[in-house]
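Based on these hints, arrange chain B on the given structure of chain A.
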Amino acid sequence: MTLGVTEAQSPEGGLPADHLAETAEAKQIEGRSLGQIAWARLKKDKIAIASAIIILLIIAVAVFAPLIVKLNGFPPDQFNKTNADGSPLLNTRDGGIPIGGLWGSGTSSEHWLGVEPQNGRDVFSRLVYGTRVSLLVALGGTIIAIVIGTVVGMVSGYFRGWVDTLLSRLMDIMLSFPSLLFVMALTPVIADRGQDLFGIPDDNKLRMGVLMFVLGFFGWAYLARIVRGQTLSLREREFVEAARSLGAGPGYVIFRQILPNLLPTLLVYTTLLIPSYITAEAALSFLGVGIKEPTSSWGRMIADASDWIESNPLYLFFPGLALFITVLAFNLLGDSVRDALDPRAGRG
Amino acid sequence: MGRYLIRRLLQTVVILLVISAITFFLFWATPANPALLICGKDCNTETVAQVNATYGFDDPLIVQYGTYMQGLLSPGGRTIGSEGSERECPWPCFGESYQNGIPVWDSISDAFPATLWLATGAAVLWLFFGVMLGLIAALRKGKLIDKLSVGIALFGVSFPTIVFGYLLLFLFIVKLQWIPFPDTANAALFTVGPVKWLQFYILPWITLALVFAALYTRLTRANMIDTMNEDYIRTARAKGLSERTVVFKHGLRSALTPIVTIFGLDLGGLLGGAVITEQIFSITGLGKLAIDSVLGNDLPAIMGVVLFAAIFVVVANIVVDVLYAFIDPRVRLS
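If you read the sequences in order, they're chains A and B. Here the first sequence stands for residues 1 to 348, numbered as in UniProt numbering. Here the second sequence stands for residues 1 to 334, numbered as in UniProt numbering.
Derived by calculation from the structure, the hints in this document are not laboratory data. Hints may contain errors.
[Stated by the list, open to error] Distance condition first, Cα-Cα at most 27 Å in a straight line; then the derived DSS-like pairs of lysine-lysine:
#: 1; chain 1: A; residue 1: 292; chain 2: A; residue 2: 205
#: 2; chain 1: B; residue 1: 175; chain 2: B; residue 2: 239
#: 3; chain 1: B; residue 1: 249; chain 2: A; residue 2: 43
#: 4; chain 1: B; residue 1: 147; chain 2: B; residue 2: 175
#: 5; chain 1: B; residue 1: 143; chain 2: B; residue 2: 249
#: 6; chain 1: A; residue 1: 44; chain 2: B; residue 2: 175
#: 7; chain 1: A; residue 1: 46; chain 2: B; residue 2: 196
#: 8; chain 1: A; residue 1: 43; chain 2: B; residue 2: 147
#: 9; chain 1: A; residue 1: 46; chain 2: B; residue 2: 175
#: 10; chain 1: B; residue 1: 141; chain 2: B; residue 2: 249
#: 11; chain 1: A; residue 1: 44; chain 2: B; residue 2: 196
#: 12; chain 1: A; residue 1: 70; chain 2: A; residue 2: 205
#: 13; chain 1: B; residue 1: 249; chain 2: B; residue 2: 239
#: 14; chain 1: A; residue 1: 292; chain 2: A; residue 2: 70
#: 15; chain 1: B; residue 1: 143; chain 2: A; residue 2: 44
#: 16; chain 1: B; residue 1: 239; chain 2: A; residue 2: 43
#: 17; chain 1: B; residue 1: 147; chain 2: B; residue 2: 249
#: 18; chain 1: B; residue 1: 141; chain 2: A; residue 2: 46
With the rest of the complex left out, here is chain A (with noise of 0.2 Å):
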């Protein structure tokens, strides 16, 4: 069999009207679909709506972060030196740790969360923009993740034959890769090849770039193994060998057959890969290859902040909190939307 459509038909083409028909029929006798039962499940879950609430408001932390940060009036790269009443901010002779706070922070009615020793960077607003930084980063390298798992699994459990047991050997080797290691090393080599290949400057935004596209490659290849083995045993269903008797290409069946069938599991594992992501963003720029100077980002604050945990530890937990919040909130809507979605748990 060979890729693409041949001389099946094009999916506008399309399935029969009585097949849809049938379809809807089938429905209304089952009563209600998976997707209606799991959000009537979801809307009774307690846990699930407060985390989604504190999720969307997260999102809305680093959409609206411009705006954020003027509620304050200090912007995330802008060095403070003094208090607006000319006070001085840092103890210039005692390597610049802020004056006052809580616990030597510098926390004031100014400064909502204190500000970093030495630069005097208000810590609240370089919170908020770090926001914007994990979720583009575990966005973007969860749709890239899923977007490739998704495309080569189905191709691998549709064909069979050679082509899985070539795609099947990718996968085994890219989950063979020590994948943090990888990603750690590759992405400042990237970085540095885009600006010597492209011209493009090696800043921040295509930082982030790399970290996306990085974290995408090294991530897909256990979904893609979920989606191989599902695909296997829905081409054999009765509605998929249908189409297939009234014509229906490889493409239609794959994307409008199998891949439906496939969104609660994607579903799931998307809630669960974007947590991952994000801590795995704040670990290569806690590491230093990640997101660089002035941007800030979650992980980078927690370098920095280490040095300075004995003189003034809330530094270091105003980031490390952010972080677990972010990553507990997204785990538990994850878990509550797979239980939600479990066929097992009976439809009630």
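Below, chain B alone, put in the same frame as chain A:
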């Protein structure tokens, strides 16, 4: 069984070769000019040409790959350097560091013991606590202790290593001062004695173990619940076996088989370096070596560590597969 083993071994060799090739071409094809990286500040056309000749950068990439692999595959290693300044690089030869000229293999074998201790200690912790919590939760499904374990596990999974590691460091080293600040030198068991050694490793172990313990709790719980619903468990009970025999001999044994697979892979991956934990607690293991080489643009060292780590993952893979075939006869038949 014999045929299965041979097939798996052959596959492993192929995978290792492919990984080495991909790694080599990814890293060697990417930097604009490795010679510039090496000669540093006092670069002129002459020195660049000299460096190119010394390291063989003029050769086509495929030839360079061949030379590199020769150092790893031929028992005699290979020679490094151009005519007149040749030196032996004994097997296994991963080349020499661009930064300090030390053979990469020496750096790797220096760093490895620390990572080995770190990973093994953490593995003992997470295996013990993960399986135990998971088992208790599964046997008391729906009870308070089950909900507690599930909650703890979810919390643990969501605790990023950088946050948890620094939390421990802050609590026990900075605030309570139960443990002294980690030294930059690794504690070796036989030189510093067991107390200092434990003080050095205990927090890194807990840090590294947390996420895995949480994952294993969930996994054990889910597997155990599935297993205890199987017919053969009912049969075992009907035969009048004691609950202890049913749970441990019939239930847990089969629930643990998938965990063997995952355990091998996790441990294999960690032996390649637990980068973040090593960074937080200043352990100079493979992960630290890796990050230092990355930040210093030291290609041979990066390549060496990555390849070394990949070998661990692949070897762990095959060990696990063979073990699995022994534990679960169904694998052999297919």
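Structure-based check of all given hints:
no., hint, in the structure
1, A/292 - A/205, "10 Å, holds"
2, B/175 - B/239, "57 Å, violated"
3, B/249 - A/43, "41 Å, violated"
4, B/147 - B/175, "32 Å, violated"
5, B/143 - B/249, "24 Å, holds"
6, A/44 - B/175, "42 Å, violated"
7, A/46 - B/196, "47 Å, violated"
8, A/43 - B/147, "21 Å, holds"
9, A/46 - B/175, "36 Å, violated"
10, B/141 - B/249, "19 Å, holds"
11, A/44 - B/196, "52 Å, violated"
12, A/70 - A/205, "23 Å, holds"
13, B/249 - B/239, "14 Å, holds"
14, A/292 - A/70, "23 Å, holds"
15, B/143 - A/44, "21 Å, holds"
16, B/239 - A/43, "45 Å, violated"
17, B/147 - B/249, "25 Å, holds"
18, B/141 - A/46, "21 Å, holds"
This entry does not satisfy hints 2, 3, 4, 6, 7, 9, 11, 16, going by the numbered hints stated previously.
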